[in-house]
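A.B. asks: Residues per chain, in single letters:
Protein chains: 2
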Amino acid sequence: MGTKHIITVARQFGSGGRDIAKSLAQELGIKFYDKELISLAAKESGMNPEVFEKIDEQATNSLLYSLSMGLYNFGNGFSAVGDLPVNDKLYILQHKMIKRLAEEGPCVILGRCADYILKDYPNVISIFINADMEYRKNRAIKYHNVDKKRAEQIVNKTDKNRANYYSFYSGQKWGQAQNYDLCINSGKMTQGDAVALIKTYVNLLDK
Amino acid sequence: MGTKHIITVARQFGSGGRDIAKSLAQELGIKFYDKELISLAAKESGMNPEVFEKIDEQATNSLLYSLSMGLYNFGNGFSAVGDLPVNDKLYILQHKMIKRLAEEGPCVILGRCADYILKDYPNVISIFINADMEYRKNRAIKYHNVDKKRAEQIVNKTDKNRANYYSFYSGQKWGQAQNYDLCINSGKMTQGDAVALIKTYVNLLDK
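Protein chains in written order, with the numbering used here: chain A, 52 to 258; chain B, 52 to 258.
A portion of the hints provided could be inaccurate.
Because identical chains cannot be distinguished in the list, a pair is counted as satisfied if it fits within a single copy or across any two copies.
To be verified - In the DSS-like style, the derived pairs of lysine-lysine whose C-alpha atoms are separated by at most 27 angstroms in a straight line are:
| # | residue 1 | residue 2 |
| --- | --- | --- |
| 1 | Lys239 | Lys147 |
| 2 | Lys170 | Lys199 |
| 3 | Lys224 | Lys170 |
| 4 | Lys199 | Lys140 |
| 5 | Lys200 | Lys150 |
| 6 | Lys208 | Lys224 |
| 7 | Lys170 | Lys200 |
| 8 | Lys211 | Lys250 |
| 9 | Lys73 | Lys239 |
| 10 | Lys82 | Lys258 |
| 11 | Lys150 | Lys82 |
| 12 | Lys199 | Lys250 |
| 13 | Lys224 | Lys150 |
| 14 | Lys170 | Lys211 |
Since the hints were derived computationally from the structure, they do not count as laboratory data. Nothing here was measured: the structure is a model prediction, and the numbers come from that model.
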């Protein structure tokens with residue numbers, strides 16, 4: 052039980068990575084942060100609350116807009132926040148918040164380029180959860196109550212958005228083994244076993 | 052001890068992936084095959100021995116030649132062997148040999164696109180070993196007795212060749228987490244711990 056590490060978890064849509072990350076945090080007895088919880092923490096800390104309004108509606112359009120315009124690249128540090136599109140403001144606030152949360156102590160952080168944001172921090176473990184398309188499609192059918200065709204669309208579109216988001220802000224390629232400490236195909240094992248494997252890894256580094 | 056699995060190990064140059072793979076095979080009590088041992092097995096089985104002559108000298112040039120000419124792509128099955136460049140003949144023989152070895156029983160196979168060649172086989176575990184450039188460079192300095200600059204050249208060149216070889220024959224991208232069951236950053240742990248982690252993984256799948 053317990054760990055000194057900050058654990059970032061990125062995942063392909065439908066891989067069950069969120070459940071694995073959440074369960075891992077529970078079993079290690081440390082906090083779990085996903086997008087909503089990072090935003091909540093940021094709001095509670097007094098960061099401009101209006102930025103977090105309607106984010107979900109605007110994030111993708113704004114990101115695509117920024118990408119198409121080639122306007123911003125924060126790959127190596129950034130300073131200006133003033134007139135940025137709302138999703139860029141959000142990224143910057145999340146960036147700050149993720150660093151603050153990491154400084155508070157061990158936790159599991161889901162997505163949000165956390166592996167990249169914390170790459171120079173000590174005691175960070177970055178994990179990527181992937182699975183084959185069939186497995187992810189079937190999970191999407193089950194959990195989103197959609198047919199096979201729609202499930203495949205959702206999987207592909209969500210992963211494309213995540214890959215764009217990651218490469219836009221990090222300048223790195225999403226899902227490249229090189230960027231992570233541990234990548235697991237969750238489609239080959241139970242969720243519990245995936246959590247057990249990550250715990251083994253964390254314990255090996257903690258010892 | 053023991054496993055029912057065929058384990059393929061791909062690795063970045065300097066990551067120590069070969070040592071990890073060899074030690075894993077020893078600890079699991081199963082056979083280990085690298086390029087030389089696959090060739091040896093192929094020769095012993097009566098496959099055209101002349102193809103294996105001077106392979107090391109010709110493989111890269113011939114591969115680059117084939118790539119530049121866009122002559123061959125065996126991504127989805129192949130049949131012709133007749134007048135192929137020697138490295139393509141070698142690939143095809145290694146391809147056949149890897150399948151034969153996998154059918155003989157549990158073993159560890161290093162490199163040679165084995166993960167791709169065996170992707171439709173049951174009981175195959177594909178592993179990728181990566182590490183950051185600093186770690187790999189330092190290993191290259193230590194084991195190849197070269198200076199820092201030369202070490203970086205060797206690391207980059209070897210990985211570029213491996214990536215080309217893999218993408219040429221598999222049509223997939225080398226080092227993409229999606230293509231493997233487990234990817235490990237060996238630079239963060241001892242070799243023994245990396246082996247222990249893989250054994251834990253194999254045991255979870257074997258149970």
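A.B. asks: Hint by hint, note whether the structure agrees.
C.D. replies: Verification of the hints:
1. For a Cα distance limit of 27 angstroms, the shortest separation of Lys239 from Lys147 across copies, 26 angstroms, qualifies, whereas the shortest one inside one copy, 36 angstroms, does not.
2. Taking CA atoms no more than 27 angstroms apart as the test, Lys170 paired with Lys199 passes between copies only; the shortest distance there is 24 angstroms, against 37 angstroms inside one copy.
3. Taking identical chains as interchangeable, the C-alpha atoms of Lys224 and Lys170 lie at most 27 angstroms apart whether they share a chain (14 angstroms) or sit on different chains (24 angstroms).
4. Taking CA atoms no more than 27 angstroms apart as the test, Lys199 paired with Lys140 passes in neither setting, with 36 angstroms inside one copy and 41 angstroms between copies.
5. Proximity of Lys200 and Lys150 under a CA criterion of 27 angstroms is satisfied in neither setting, with 39 angstroms inside one chain copy and 34 angstroms between copies.
6. For the homomeric pair Lys208 and Lys224, the shortest alpha-carbon distances inside one copy (17 angstroms) and between copies (20 angstroms) are both at most 27 angstroms.
7. Taking identical chains as interchangeable, the C-alpha atoms of Lys170 and Lys200 lie at most 27 angstroms apart only when they sit on different chains, with a minimum of 25 angstroms there against 37 angstroms within one chain.
8. Taking CA atoms no more than 27 angstroms apart as the test, Lys211 paired with Lys250 passes in neither setting, with 29 angstroms inside one copy and 33 angstroms between copies.
9. In this assembly of identical chains, Lys73 and Lys239 lie within 27 angstroms of each other by CA distance both inside one copy and across copies; the values are 19 angstroms within and 24 angstroms between.
10. Proximity of Lys82 to Lys258 under the C-alpha cut-off of 27 angstroms is restricted to the intra-copy arrangement: shortest distance 21 angstroms within a copy versus 31 angstroms between copies.
11. When the C-alpha separation of Lys150 and Lys82 is checked against a cutoff of 27 angstroms, the pair qualifies only within one copy, where the shortest distance is 14 angstroms, while the shortest distance between copies is 46 angstroms.
12. In the homo-oligomer, the alpha carbons of Lys199 and Lys250 never lie at most 27 angstroms apart, since the shortest distance is 34 angstroms inside one protomer and 36 angstroms across protomers.
13. For the identical chains of this complex, Lys224 and Lys150 are intra-copy neighbours only, at 21 angstroms inside a copy versus 32 angstroms across copies, given an alpha-carbon limit of 27 angstroms.
14. In this assembly of identical chains, the alpha carbons of Lys170 and Lys211 lie at most 27 angstroms apart whether taken from the same copy (23 angstroms) or from different copies (24 angstroms).
Going down the numbered hints, you'll see the structure goes against 4, 5, 8, 12, while the others check out.
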